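> So the sequences go chain by chain: X and G.
Just so we're aligned, residue 1 is where the first sequence starts under the numbering used here, counting upward by one.
Just so we're aligned, residue 697 is where the second sequence starts under the numbering used here, counting upward by one.
For the record, the hints were derived by calculation from the structure and aren't laboratory data.
Note that this is a predicted model, so its numbers are computed, not measured.
Among the hints, a few may not be true.
Unchecked claim - Straight-line alpha carbon distances no greater than 25 angstroms define the calculated SDA-like cross-link-like pairs of lysine to any residue that follow:
id, chain 1, residue 1, chain 2, residue 2
1, X, Lys574, G, Asp732
2, G, Lys968, X, Met179
3, G, Lys987, X, Ala533
4, X, Lys130, X, Leu152
5, G, Lys820, X, Ala533
6, G, Lys968, G, Pro737
7, X, Lys106, X, Thr135
8, X, Lys574, X, Met179
9, X, Lys130, X, Ile86
10, G, Lys820, X, Arg555
11, G, Lys820, X, Glu672
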Amino acid sequence: MLRLSGLIALSTATLLVTDYLFKSAARAAHSPDELGTFFAGYYAILNVAALGVQLFVGGSVVRRAGVIAAFSVLPMLLLAGSIGTILAGGAMLAVLLTKGAEGSLKHSLHRISSELLWMPLPDHVRTESKVIVDTVFVRGAQALTAGGLLALAMLELDGPVVLGAILTAMCFAWLMMSMRLRYWYLGLFRRALHRSTPESRTERLELDIRSVEVVVEALSSREPERAISAIEILVSNRRTRLIPALILYHESPDVLVRALPAVSTSERQDWIPLAERLLEHENEAVRIAALRELAGAGIASAIEGRLLDVRPRVRAHAAFWLAHLDDRPPEVEDGVTQILAMEDDDAGLDAKTGLLEAIQSAGDRRWSDVLMKMSESAQPALVEPLVLAISRVQDRRFIPLLIDRLRYRTSRSEVRDAIVSMGDEALDALVERLRDEATDIRILRHIPRTISRFANQRAADILTGLLVDETPGRIRYKVLRGLGRLVAEHPVRVDRHHIERRIESNLVEYLRLSALVQPLRAALPDDAEHARAGREMLVELLDDKAEQALERSFRLLQIAHRTEDIHSVSFAVKSTDKRIRAQALEYLDALTLDAQVPSIRDLLRIVVDDLSTEERILRAVVFVPDPPKSAEVALSVLLRERDTALANLAGYHALQLGLSSLRESVITATKERPVLASLRTLIDLTADLPGTPSHA
Amino acid sequence: MLEVAHRIELELLVRTFLGVDPPDRMMRQLAAVVRDFDAPPGTVLYEQGTPPGELFLVANGVVALIGDDGSRWEFEGQSLLGVVDATLDRPMTRRAVVESHAYGARLSLSDYIDVLEDNFDFAKRAMERAFRMVHETASELPPDLVFRPPSVDAVLDGRGADPRPLEMVERLMVLYRSNVLATAPLQPLASLAALAEEERWDEGEVIERPGTPLHSLRFIASGAVRAERTSPPVVGAFGPSDVLSGSSAIGLETTQYTMTATAPTRTLRVLKEDLFDVMEDHFGLAGTLFKCNAVENERIRTLRATHDSSD
């Protein structure tokens, strides 16, 4: 607020000096008798000019250039005028031009932009502050400036050159402050849009005494969900020492299974006798969890007891730990070979599942040969635990298999972690798969997000390189999301120019689709009611695609400006509240002042500004020339769309309309584009529609 | 209460309520957007007719939802209130009044949707659970009311018996007209239409049997299908634009019914994996499904109320 007040005070003082320069120069150039006529004539011209600016230029400049740029127009002109005055030795013409700039812009462009500067402030702050600024700051600045000018006059230093020099300094300061205002302005808009930054949502909580009391109280809850939640909170805050070993007396098996790994840390011993008791628990999962933690702590007696457990799965866990603590290769251990040799009946599958679970929990590479052997003949029921085990042993031989498994959602997260843990070799394999045209789309679409998990500069470069038109749309969107996550969470660099080019192309795409859909919104003729469903679907699809182009633009903007909360701005842009939309527009404008691709500023203004669709299309004509004027033209264009669904739907609707010219276009399109071949059936089916050649 | 303790208490509440093992990252995001409430008896949480958008997680206490006709639905602790109206984006249909001291958390639906979008695997599990729960409630209805009456809309004009496979646009039309995806955005439906497989069934042919894994949704393009279960008994029928097993197919892991074609039938099979993959990129599709589940929930609740009162 203080910064804004200072800027307004400075601008007030500068305008006063300009006025004084003009009046003192006029007094020097004209006799007192002529002054009245001179001022009357000059102000008449000036007011006409000011009216013209106000009516035809002011709003448009603010709309197109933004508040900060508009606020900088007057000081720039005054700066030019004051420098001219100095260079011309105080010539009247230079002074007249300087005053001309001030007179024509002061009550139009300058006033509009200085009023809009207050926009991001909350209503109550704005109302209260404006009163103070208008009285204290503006009047104070005027009084101080007038005092200074009086002092100069008394010292006979108020000649045009001296005043020109003072004016130059003041204009320069004004411009500097305006530029710095951009950063402050962004901050204000962030607050105005009312969203916390992404970082503030992910910090780790520092638990204080009161919060520890809350968690410990929850730990003793009989409700399993509440007790588990408390364990999770302490684990995620690395405060597991606060979990009492007595929790192992909890009646819920779910709580016990979650609590065992949480309390069995190397610096604690208090849990061991309680865990030994759980080896006899009636619940199989509890026995396995207790066995795993005790074996992990090197307590061999725990293992031996479970070799005779009633369940094959628990016995398999025990066999694993026995072999694991031995130096011999696991595949020659008796217990392991016995499990591998079991039939794939219920008991065999149960035991093999147990073995795979145990391998997964230990994550030891010594077991990769066992896994390789099991992968050769795994029953469907074993695939999931097998993949989970493979994902923990970090054996590069499994990279192709793991990439294949990306197609399945279950275990995808673990598979991704496993691929990432294998470093550059795995990254190379992913890139190779991405380039391989034979790769199944169901695998392909998960590769970009997997690459992003590598969380390094190379991954960022690969993903940025994939943001090109040649990458299929579905994959490109995944690339965009993967890169977005990577940039948000890790300090990687991106080629900003490349990203801005993508923003530009997406914004143009948004405008292009908006122009295409517009003629299709017109009412259908009465005799084409049967085509309503096709029209509705086509319009909806075009709207969806336009919406997505806009969403991609904002995602890219977020990548280019990682510390900004663009997500909130994208919501604000869609707001029905004009004030919020205007704030978003100004925020985006200030944000893109130093864009390497300058057209994105203009594009954002056209896209975000509160315009009718017709006006938006008209203003976008530089970027989208020749927008279609009729539904017929729009459909002809859509038949050539790269998007198969869109082109097919356009063809379908064109056939429904039954217009001969469109029907011919569809027939031609199906011959030229194999992806539209499916429309041939519809061409046959619609042959009898009114308006088609057979009815003509 | 101190700031951190306050957040911990909220986190505990939300974790306990969500139940489906929410990831830490998600919990922190949620903790940042929920606010707690502590309401004495008589407090009105929301009025009937007010705009929707806020959800109330009641941890403890009793809250009554009172309708126009004075009917009362009482909810005890561990309830989520306001979600149906918010999901259906309509004014609150009932007044929520605290009956006995209640506390919990409140958050806006849009914040919750944001968090779900950011944590898609959790959103998927939550969605499946929600569909399962609604179906479990439906299973308590009389056998012939578990499923909606069959749709009789002809999705494909005159193409039912045509031997030629469905075209891309027709597949899209089948999904677009389906009860489950009717309000979905078109772009994800176009992606699903491209991935869907067409199947044909003769009259009397069994399409699904109980106990088989339910990896896909089957959308009926033309024809008719009968659903049967002997224990507990259920009978139902499906027609064009219906999904076999209704929306519950999204949450069920295995088929519970014998599905038999009662006429030559054409179905479009969409893998759930594909559905969720597409949904991950088009989260609007998730909103559509949550809405569909809310509508089904309301149908069941109304039928139960009618059925109970007639008893």
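> For each hint, tell me whether it holds in the structure or not.
Results of checking the hints against the structure:
1. For the proposed pair Lys574/X and Asp732/G, the alpha carbon gap of about 29 angstroms is over 25 angstroms, so the pair is violated.
2. A C-alpha spacing of about 53 angstroms is found between Lys968/G and Met179/X, which places the hinted pair above 25 angstroms, so the restraint is violated.
3. At most 25 angstroms may separate the alpha-carbon atoms for a hinted pair to count; Lys987/G and Ala533/X meet this at roughly 23 angstroms.
4. Restraint check for Lys130/X and Leu152/X: not satisfied, since their Cα atoms lie roughly 31 angstroms apart, outside the 25 angstroms limit.
5. The hinted pair formed by Lys820/G and Ala533/X fails the criterion: a straight-line CA distance of about 31 angstroms is larger than 25 angstroms.
6. At most 25 angstroms may separate the alpha-carbon atoms for a hinted pair to count; Lys968/G and Pro737/G exceed this at roughly 45 angstroms.
7. For a cut-off of 25 angstroms, the pair hint linking Lys106/X to Thr135/X stands: about 19 angstroms separates their Cα positions.
8. Between Lys574/X and Met179/X, the direct Cα distance comes to roughly 28 angstroms. Violation of the 25 angstroms bound is thereby established for this hinted pair.
9. Using a Cα cut-off of 25 angstroms, the hinted pair Lys130/X and Ile86/X is violated, with the two alpha carbons roughly 36 angstroms apart.
10. Distance restraint check for Lys820/G and Arg555/X: the Cα-Cα separation of roughly 23 angstroms lies within the 25 angstroms cut-off, and the hinted pair is therefore satisfied.
11. This hinted pair does not check out: Lys820/G and Glu672/X have alpha carbons roughly 42 angstroms apart, beyond 25 angstroms.
Hint compliance for this structure: hints 1, 2, 4, 5, 6, 8, 9 and 11 are broken, all remaining hints hold.
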